[in-house]
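Colleague: Top line first, the protein sequences correspond to chains Z and D.
FYI, the numbering used here numbers position 45 of the first sequence as 45, with every residue one higher than the one before it.
FYI, the numbering used here numbers position 23 of the second sequence as 23, with every residue one higher than the one before it.
Everything labelled a hint here was simulated from the structure, so no lab data went into it.
Do not rely on the hints blindly, as some may be mistaken.
Stated by the list, open to error - Anything over 10 Å on all C-beta distances counts as not near chain Z; from chain D, calculated:
{"#": "1", "residue": "79"}
{"#": "2", "residue": "103"}
{"#": "3", "residue": "112"}
{"#": "4", "residue": "125"}
{"#": "5", "residue": "131"}
{"#": "6", "residue": "135"}
Claimed, not checked - Among the chain Z residues that face chain D by a calculated CB cut under 7 Å, a handful are:
{"#": "7", "residue": "6"}
{"#": "8", "residue": "28"}
{"#": "9", "residue": "95"}
{"#": "10", "residue": "115"}
{"#": "11", "residue": "116"}
{"#": "12", "residue": "147"}
{"#": "13", "residue": "151"}
{"#": "14", "residue": "152"}
{"#": "15", "residue": "154"}
{"#": "16", "residue": "158"}
{"#": "17", "residue": "159"}
{"#": "18", "residue": "161"}
Said to hold, decoys possible - Just a sample of chain D residues kept apart from chain Z, beta carbon distances all over 12 Å, derived:
{"#": "19", "residue": "53"}
{"#": "20", "residue": "54"}
{"#": "21", "residue": "90"}
{"#": "22", "residue": "97"}
Note that the structure is predicted; figures quoted are calculated from it, not measured.
From the three backbone atoms N, C-alpha and C, an ideal C-beta is built for every residue, glycine too.
Number of protein chains: 2
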Amino acid sequence: MLLEPGPVVLVSTADGGKNNVMTISWHMVMDFTPRFAILTGAWNHSYKALIKSRECVIAIPTVDISRKVVEIGACSGSDTDKFECFGLTPIKAKWVKAPLIGECIANIECRVSDHIKKHDIFVLDAIQAWVDDDRKERRTIHARGDGTFIVDGRAINYRELMLSKIPSGV
Amino acid sequence: MLLEPGPVVLVSTADGGKNNVMTISWHMVMDFTPRFAILTGAWNHSYKALIKSRECVIAIPTVDISRKVVEIGACSGSDTDKFECFGLTPIKAKWVKAPLIGECIANIECRVSDHIKKHDIFVLDAIQAWVDDDRKERRTIHARGDGTFIVDGRAINYRELMLSKIPSGV
Chain Z
1 MLLEPGPVVL
11 VSTADGGKNN
21 VMTISWHMVM
31 DFTPRFAILT
41 GAWNHSYKAL
51 IKSRECVIAI
61 PTVDISRKVV
71 EIGACSGSDT
81 DKFECFGLTP
91 IKAKWVKAPL
101 IGECIANIEC
111 RVSDHIKKHD
121 IFVLDAIQAW
131 VDDDRKERRT
141 IHARGDGTFI
151 VDGRAINYRE
161 LMLSKIPSGV
Chain D
1 MLLEPGPVVL
11 VSTADGGKNN
21 VMTISWHMVM
31 DFTPRFAILT
41 GAWNHSYKAL
51 IKSRECVIAI
61 PTVDISRKVV
71 EIGACSGSDT
81 DKFECFGLTP
91 IKAKWVKAPL
101 IGECIANIEC
111 RVSDHIKKHD
121 IFVLDAIQAW
131 VDDDRKERRT
141 IHARGDGTFI
151 VDGRAINYRE
161 LMLSKIPSGV
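The following block holds chain Z by itself, in its conformation from the complex:
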């Protein structure tokens, strides 16, 4: 639900108590179950924490903090405390050591269930999702890969056409 439209997301990790966060848009939903895939690599400081801790939080930012999200992606946790530098509020998660991000509309606590080394695809199982229902700004952003981003526009409802494809309860 939260991730299927492919917004830019933040991934927070904790490695021996040190929190870090990265910006990615290379992820996909894998099923109607809460399982999805992200792709990162050894060039990324969060990569080691992801492999070592096998946990992370996927946090979904909205357009009001989009500039900050891009800046987070343009620097490295190797020389920057990103939570402090960007004024992000780390909130204690329920099941994982990586922190939730207070400024995001949704946070998903995840465990790494598989690491496909050949392609550096990480398969994540969501174990707990938190959504800020009171937030007014709900529009996410989508990377076009060239430094420009598309903001969510209007919604269309085609539920009646898809009833046979949507599991009950969704």
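We have chain Z already, so just place chain D on it with the hints.
Modeller: Just chain D now, kept in the frame of chain Z:
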């Protein structure tokens, strides 16, 4: 570029001359190289054609044909000639047997470079992209997974913040 924002896409396949098309939103860009991943499974009629031919076309529809795109996803190629049923125009591709779809803003000819059986992830290499530059309607749609879709809104340009991350030429 074309796929990074996570729009709903059509995947066309050819299996022994019979064209088929499916609707998916489970895909991700894998790198700045033209490589990406899609996820489907044996429940899908196109799955066999994808495995047998190791080729497909990823076609990117825009909001003006969004109802048709959803209807394509709600029926099966096992009992429907989707190109005929939905009035899609198959155009001969340059490198693969699967057809381009004339009604889409962009078409990407792909070869399957890997099939990760455990998760049914197909890794695709793009070998040729076609973009309809003259088309007025350019807004893509994003599935929210519950039968509703978000249409592209406005664009934001953060290129100046990302110069260190964007390969030259992009």
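Colleague: Out of the numbered hints, which ones does the structure contradict?
Modeller: The structure breaks hints 9, 10; every other hint is satisfied.
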